[in-house]
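*Asks:* Single-letter residue listing:
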Amino acid sequence: VILTDAIKAAKAGGDYSQIAAAIPYMRFLGVTARQDGLGLTCVLPAAPRFVGNPLLPAFHGGVVAGLMEATAILELLASIELDRVPKLINIAVDYLRPARVAETFAQATVTREGRRVADVGVEAWQDDRARPVAAARVHFLLV
Amino acid sequence: VSAPVAIDAKMIETIIRHIPHCVDLGMRLVELGPDWATLALPYDARLVGDPDSGVLHGGAVTSVIDTVCGLAVMLARGQPAGMATLDLRIDYLRPATPGEELLARAECHKLTRNIAFVRGRAYHASQPGDTVAASAAVFMLEPADRPAKARP
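Quick mapping for you: the protein sequence lines, in order, are chains A and B.
Heads up: the first sequence begins at 1 in this note's numbering, then just goes up one per residue.
Heads up: the second sequence begins at 1 in this note's numbering, then just goes up one per residue.
Just so you know, the hints here were simulated from the structure itself, not pulled from any lab data.
C-beta: ideal position from N, C-alpha, C; glycine also.
Be a bit skeptical, because a hint or two may be false.
Stated by the list, open to error - Computed footprint of chain B on chain A, listed as stretches where at least three residues anywhere in the stretch have a Cβ under 8 Å from a Cβ of chain B:
| id | region |
| --- | --- |
| 1 | 11-19 |
| 2 | 38-44 |
| 3 | 59-70 |
| 4 | 112-121 |
Said to hold, decoys possible - Here are the computed lysine to any residue pairs in the SDA-like style, where the Cα-Cα straight-line distance is at most 20 Å:
| id | chain 1 | residue 1 | chain 2 | residue 2 |
| --- | --- | --- | --- | --- |
| 5 | B | Lys110 | B | Glu142 |
| 6 | A | Lys87 | B | Asp130 |
| 7 | A | Lys87 | B | Gly26 |
Full structure from sequences and hints, please.
*Replies:* As structure tokens, this is what we get:
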């Protein structure tokens with residue numbers, strides 16, 4: 001799948017899983033996206049191969065950050081005029097609770113969209129939306 | 001409190017081998033010191049974030065940096081005790097070069113009773129001075145005489 005085609009198709013039909021499927025790392029994570037009244041939600045499956053702390057066990061911090069970054073990218077593609085993957089400038093992640101081996105969800109908000117830079121906030125949670133496992137702020141270069 | 005033990009390369013390699021995500025990404029120990037370590041992340045087409053350029057997704061870079069930061073803390077403590085990442089910030093200075101293995105080095109520059117401060121950077125062996133990503137992380141430490149256990 002050509003990425004620009006997947007982006008066009010997703011924007012036209014509202015199915016952002018098509019973009020996730022066209023990006024190897026998002027496919028590697030098995031990320032899917034769904035649109036409902038609450039906006040775009042990304043879902044990470046409960047796969048044991050994502051474990052970073054085998055004692056708890058809990059997901060690796062990199063996997064949770066990867067989900068949040070993927071969510072930020074898909075939210076940007078959904079909400080602004082952009083036809084390719086925006087460049088990551090930086091990410092700051094607060095890990096709030098251990099992310100168990102469970103289905104994990106993430107939602108992003110474009111806090112600021114400038115001409116060159118976008119600031120996106122992301123939250124990830126598992127069983128309880130009110131008890132996030134992680135929060136992140138991500139900056140992207142749009143040009 | 002149990003006495004610090006020397007953590008050697010073999011122990012670190014064993015720890016890495018028991019972390020499913022690290023095994024999945026093919027991470028391997030390159031070098032270590034009293035409060036630092038270097039890991040390698042092989043280039044892998046599964047980890048590409050932009051299919052147009054072949055550049056790795058930030059998440060894969062975050063995984064190797066988070067891991068090596070944790071290892072640096074273990075080395076500084078002299079204890080393979082548990083810890084939790086409180087916060088991790090990564091600046092992506094330039095894209096990783098497609099096809100090239102990425103190295104990540106982290107150093108624990110301050111260790112207190114409860115908290116460890118770690119900085120790290122990712123780069124390629126071909127251009128070691130050209131930083132791909134720079135990180136600052138803070139870890140909360142589990143007491144050394146108590147294994148990491150589940151919180152309610």
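*Asks:* If a hint holds in the structure, say so; if it does not, say that too.
*Replies:* Against the structure, the hints come out as follows:
Here the region 11-19 of chain A counts 0 residues with a CB under 8 Å from a CB of chain B, which misses the bar of 3, and the coverage is violated. Given a C-beta distance limit of less than 8 Å, the hint that chain B covers the region 38-44 of chain A is violated, as 0 residues qualify and 3 are needed. With a cut-off of 8 Å between beta carbons, the region 59-70 of chain A has 10 residues touching chain B; three or more are needed, and the interface restraint holds. Remark: the region 112-121 of chain A is not confirmed as covered by chain B, as 0 of its residues place a Cβ nearer than 8 Å to a Cβ of that chain, below the required three.
For the given pair, B/Lys110 sits about 16 Å from B/Glu142 by alpha-carbon distance, which is consistent with the 20 Å threshold. Between A/Lys87 and B/Asp130, the direct Cα distance comes to roughly 18 Å. Compliance with the 20 Å bound is thereby established for this hinted pair. As the CA atoms of A/Lys87 and B/Gly26 are separated by approximately 25 Å, the hinted pair breaks the 20 Å bound.
Consistency with the previously given hints fails for numbers 1, 2, 4, 7, ordered from lowest to highest.
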